Amino acid sequence: MFRKILIANRGEIAVRIISTAKEMGIKTVAVYSDFDKYSLYAKIADEAYHIGEPQASKSYLDGERIITAAKKSGCDAIHPGYGFLSEREFFAQMCADNGIKFIGPPPAAIGSLGSKTHAKQIAVANSVPVVPGTESAIKDIDEAKSISKKIGYPVMIKASAGGGGKGMRVVRSESDLESALRMAQNEARSSFGDDSVFIEKYVDAPRHIEFQILVDEHGNAVHLGERECSMQRRHQKIIEETPSVIMDDDLRYRMGEAAKRMALASGYTNAGTCEFMVDKDKNFYFLEVNTRLQVEHPITEMRTGIDLVEQQLRIASGEKLSFTQDDVKFNGYAIECRICAEDPDNNFLPSTGKIRYLSRVLGNGMREDTGIEQGNEISIYYDSMISKLIAYGHNRKSAIEKMKRVLKDYKITGLKTNTNFLLELLGAEEYINGEYDTQYVERTFLPRHLEKKVTIDNESNLVLALSAAIFKEANDSVPENEMKRNSKKTNWVSQRNNIFR
Amino acid sequence: MKKYFVNIDNVPAPCEINLDGANALTCGGINYEYEYHFISDGLLLVRINGKNYNVKIEENPEGNSEVKNTEFKIDLHSGSHTVSCKNELDLLMEKFSKNKSDKGFKKDLISPMPGAVVKINVKEGDIVKKGDVMLVLEAMKMENELKAASDAIVDKILVSEKKSVDKNDILIKLLPAEIQEV
Numbered sequence: 001m002f003r004k005i006l007i008a009n010r011g012e013i014a015v016r017i018i019s020t021a022k023e024m025g026i027k028t029v030a031v032y033s034d035f036d037k038y039s040l041y042a043k044i045a046d047e048a049y050h051i052g053e054p055q056a057s058k059s060y061l062d063g064e065r066i067i068t069a070a071k072k073s074g075c076d077a078i079h080p081g082y083g084f085l086s087e088r089e090f091f092a093q094m095c096a097d098n099g100i101k102f103i104g105p106p107p108a109a110i111g112s113l114g115s116k117t118h119a120k121q122i123a124v125a126n127s128v129p130v131v132p133g134t135e136s137a138i139k140d141i142d143e144a145k146s147i148s149k150k151i152g153y154p155v156m157i158k159a160s161a162g163g164g165g166k167g168m169r170v171v172r173s174e175s176d177l178e179s180a181l182r183m184a185q186n187e188a189r190s191s192f193g194d195d196s197v198f199i200e201k202y203v204d205a206p207r208h209i210e211f212q213i214l215v216d217e218h219g220n221a222v223h224l225g226e227r228e229c230s231m232q233r234r235h236q237k238i239i240e241e242t243p244s245v246i247m248d249d250d251l252r253y254r255m256g257e258a259a260k261r262m263a264l265a266s267g268y269t270n271a272g273t274c275e276f277m278v279d280k281d282k283n284f285y286f287l288e289v290n291t292r293l294q295v296e297h298p299i300t301e302m303r304t305g306i307d308l309v310e311q312q313l314r315i316a317s318g319e320k321l322s323f324t325q326d327d328v329k330f331n332g333y334a335i336e337c338r339i340c341a342e343d344p345d346n347n348f349l350p351s352t353g354k355i356r357y358l359s360r361v362l363g364n365g366m367r368e369d370t371g372i373e374q375g376n377e378i379s380i381y382y383d384s385m386i387s388k389l390i391a392y393g394h395n396r397k398s399a400i401e402k403m404k405r406v407l408k409d410y411k412i413t414g415l416k417t418n419t420n421f422l423l424e425l426l427g428a429e430e431y432i433n434g435e436y437d438t439q440y441v442e443r444t445f446l447p448r449h450l451e452k453k454v455t456i457d458n459e460s461n462l463v464l465a466l467s468a469a470i471f472k473e474a475n476d477s478v479p480e481n482e483m484k485r486n487s488k489k490t491n492w493v494s495q496r497n498n499i500f501r
Numbered sequence: 001m002k003k004y005f006v007n008i009d010n011v012p013a014p015c016e017i018n019l020d021g022a023n024a025l026t027c028g029g030i031n032y033e034y035e036y037h038f039i040s041d042g043l044l045l046v047r048i049n050g051k052n053y054n055v056k057i058e059e060n061p062e063g064n065s066e067v068k069n070t071e072f073k074i075d076l077h078s079g080s081h082t083v084s085c086k087n088e089l090d091l092l093m094e095k096f097s098k099n100k101s102d103k104g105f106k107k108d109l110i111s112p113m114p115g116a117v118v119k120i121n122v123k124e125g126d127i128v129k130k131g132d133v134m135l136v137l138e139a140m141k142m143e144n145e146l147k148a149a150s151d152a153i154v155d156k157i158l159v160s161e162k163k164s165v166d167k168n169d170i171l172i173k174l175l176p177a178e179i180q181e182v
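Residue numbers (the numbering used here), protein chains in the order written: chain A, 1 to 501; chain B, 1 to 182.
No lab work stands behind these hints, which were simulated from the structure alone.
Treat each hint with caution, since some may be false.
Unchecked claim - Derived, one-sided and incomplete: chain B residues facing chain A with beta-carbon distance under 10 Å:
{"#": "1", "residue": "V6"}
{"#": "2", "residue": "G115"}
{"#": "3", "residue": "I153"}
No experiment lies behind these values; they were computed from the predicted model shown.
C-beta: ideal position from N, C-alpha, C; glycine also.
Please construct the entire structure, taking both the sequences and the accompanying hints into account.
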């Protein structure tokens, strides 16, 4: 087993990896940009090294600087987390060239699976079903036009190196193609440093179901069941759950085997995720293999009792899987919600700022993975996720009720979050019945959410009226010369007035 | 005794709030005891007759009253409400402040966050319709489309493509669309 590992990432996933490593007696090394000097993960690691400026391209995406820090620390291995360099073949190769173990698949497997066009060829060769589309990156708009015409609109433009919804655009007619292509390429370039995109047929209203796989370096592969990730907006996952309400033993077996075939055929090792689209008739199509740990991996951990980071470390250090497919037991029900700094009432614009207050009540059956503390700032440099809440219950209803309870008492001030939006989603009839697909939020939920008339009872009327009066009076009592320029200051001043009253 | 006139989601509340001093209030002729505590800026615990309510409150940035500190946005029980709360002085001030003709018109396109301008879809003098995408702003690795909040004429464009902007920077100055027709 490794003696010391470096985590080439930040935020909650760095905290997550450090935690398991500590439990296994492995020393941990954090790397940080100017922005993250005193972030939670950089404080709890055994060692921490500065690697550059807040812009990811000048720190977390700079392989050279990370390798330099790794050498300085004398670590044996690097865990890339998700995002940043986790799916970059060149970085895995750099690690190998410097005698440092990359905790993930071999560079060649990242290369062939990370490119969706290659991955598709592997799928076809191994009787894993795929949707029609291009087999190589799009060269220009003319090629995009002729291909889209051939496979028929709607089509989807996708970043070859993509993930997490970045660099993806649905195009429903030729007139929208050029601007969508440009936007997808721009996003792909700024997020992944690679602007190649491809086009495929867009399957309307599919479910997004993915399988967690573990493959050791001795040719053994298991799957750890599915994750239902259909609750999405603009291809960003919002709520994930396992098991999927549409899953049956036969479908799980066939999809799980397909996922394993993909991994073994591509020389894959370590943890990975095979994503599928599932249409209304339960036909499944291979989407892509994410050659890394997923954001939503905790729901699988809750349901199987298997620590995925521990398995990653064991596999990377050369151990054989200590269990077979038959040993994997699935229990209970797990849901994850991503709490993000965004404003659902204003087109989900990212909300930046300092978290002035943070309070939550977790309790039985709740897990929170976060790298954020009160006083931290959510900046424009990194993504807007504040926290992941994972509820575990003996059935779906109990998990949902736990999640709702925690969301209701999850209090953050200083920026806007999507907690109310999540609560509304969890309470939607379609969600409760499990009748949703990847387009549900945009097609059905959001229009209804915007139309929604809130009826207020007498009790709420009283509370709202009194709250406004209290807040107003506190603001009015601010002396003229301290009159605020922005609401933040006023609130602060009024709070202080309250204390002295 | 302080008297407040309250509108909730643009409907007059069935109660005028009378704050009677320390811990008592009357609403619709009924007396209540209350206390409150600012947990944090804009996070308020209100306890009415022993019952707890957690509310999130801020001055409503989209409020269009001429009188300051009268319009609020309040989250209660995971629902969001716009509340206007005016005392007698506010009502008086409102009476004297002149009526604006461009009611509901949002003057400028303001940057909602720090980011970089990717694309500007309009030029000066253009007429835009509510919902038109005027500008694309990149922040947090995502491209965000900024749309016109109401029909308007593009008066002046203050930024250029690739330029970095800060939160609350004015990006595009707008005029009400009606002027054109005069």
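Verification of the hints:
no., hint, result
1, V6, "4 Å, holds"
2, G115, "6 Å, holds"
3, I153, "23 Å, violated"
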